[in-house]
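With chain U fixed as given, assemble chain E onto it according to the hints.
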Amino acid sequence: MLKHRIIPCVLLKDWQLTKSVKFKEFRTIGHPKVTSKIYNRRNVDELIVLDIDASGSDNSINYKTLSDIAKECFMPLTLGGGIKSLQDINSLLAIGADKVSINTIAIKNPDFIREASKKFGSQCIVVSIDVIEDSGMWKVYNKNLGILEEPELLEWAKRCEELGAGEILLTSVDRDGCESGYDTKLISLLAKELTIPIIANGGASTPEDAVQAVKSGADAVAAASIFHFTQYTPNNIKEALQEAGFAVRL
Amino acid sequence: MVSIIDYGMGNSASVKKAFDFLNIPCRITNKAQDIKTADKLLIPGVGSYGDAIQALHALELFELLKEEVLVNKKPILGICLGMQLMGCSSAESEGVSGFGFIDSTCQRFDIDLKVPHVGWNNAKIVNKDSRLFKNIPDNSDFYFVHSYHFGINTKEKSTTVKYGYDFASSFEKDNIFGVQFHPEKSQKYGLELLKNFGELQC
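Taken in order, these protein sequences are the chains called U and E. Mind the numbering: the first sequence is residues 177 to 426 in the working numbering, read in order. Mind the numbering: the second sequence is residues 38 to 239 in the working numbering, read in order.
Please note that a few of the clues may not be correct.
On the chain E side, residues computed to face chain U include the following (Cβ under 8 Å) [to be verified]: (1) K54; (2) P153; (3) G156; (4) E221; (5) Q224.
Please keep in mind that the hints were generated in silico from the structure rather than gathered at the bench. It should be emphasised that the depicted structure is a prediction, and the values quoted were computed from it without experimental measurement. Positions of the beta carbon are idealized from the N, C-alpha and C atoms, including for glycine.
Isolated chain U, as found in the complex:
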């Protein structure tokens, strides 16, 4: 039986791994190589690293540091941030990524999702959707483009699936780093409409939050603050999920 996954999701900024709060404040959580090694030892199911220095700027992707991270990972690794071409994806896979996460380029050129999934297989392409609440509505947010009036959230998520996205990394900007629990209504809204897996991200503070996210339809839960600023470990989350009747890898 396939397992629900627990995935640390961290940001590469200024050569350090960091964790953001509402995409704004950044707190360093550790040295890229050392932190990745610890995640590997803690038996996480996957690791997502987003190079936010490269995202939305002319900076090139920090292959050197991402490659150092990949060397420590004996589990699936998703890399993203600043992907602008199929060649960028090729280069990330060559240094040891199993999947890539795309965001800005997908919004600017949705057909890139189709091209990328055709070339590398949809299992390789994760589309990251950041969501913010604005005037009582959920809207697609992009760090570089701001709050978007178009496309509408649900329409965008469905389009990503149609174009060949293998998974959606769904991040609530309002919950990011706030340790206030996942936005379960948001998760369930998308889970009802999509057939591809949803990785819920933003807000985890207790193992019970993860249980609620999976109950709402998340296939996997991503988190960072909980692993660094609380007493909980990835295994605590897995144990809570198992107790709630969900299959996990312990």
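Just chain E now, with coordinates in the frame of chain U:
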């Protein structure tokens, strides 16, 4: 020395990294000499069946590998597509002949679930004497990414996995070993399996 066959279709670097971690000497190569002098061989694989066989022929490695494995009895491990190549053929590329190390063919998942089968899934050990799964608990999880598989009737199977139905997720036959999952991405038990292969005395 393990020679990891580089035919342009594998995630060779990830496999090498795992052997490096285990302190098992290895090299990524497509040179005939490196294959002849290696103690063991490994065929990684990501991509399509037909392209892989064609690439091995183009590099003039296909017959050489067959000879090293069948005549010289060199231990060999096939990973994912590398395992599938060890059968006779695959529904993915009709009319293309594989190595034929085992009398089995690959079929596509015929299920209502999503294909490819991607993620962590537990392998049931059906060959209790398996050398590859030594010290690995029954039903340990491994990481899978594939659309084709060997059927449950594969005689030499070591483990089975259920995704819609049961299929053969690994096999071993004398000096020939294959795993459908990615041990290099399967953390502790994946590393344990590669260590078992590295320490094999055949």
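Each hint tested on the structure:
| no. | hint | in the structure |
| --- | --- | --- |
| 1 | K54 | holds, 6 Å |
| 2 | P153 | holds, 5 Å |
| 3 | G156 | holds, 5 Å |
| 4 | E221 | holds, 7 Å |
| 5 | Q224 | holds, 5 Å |
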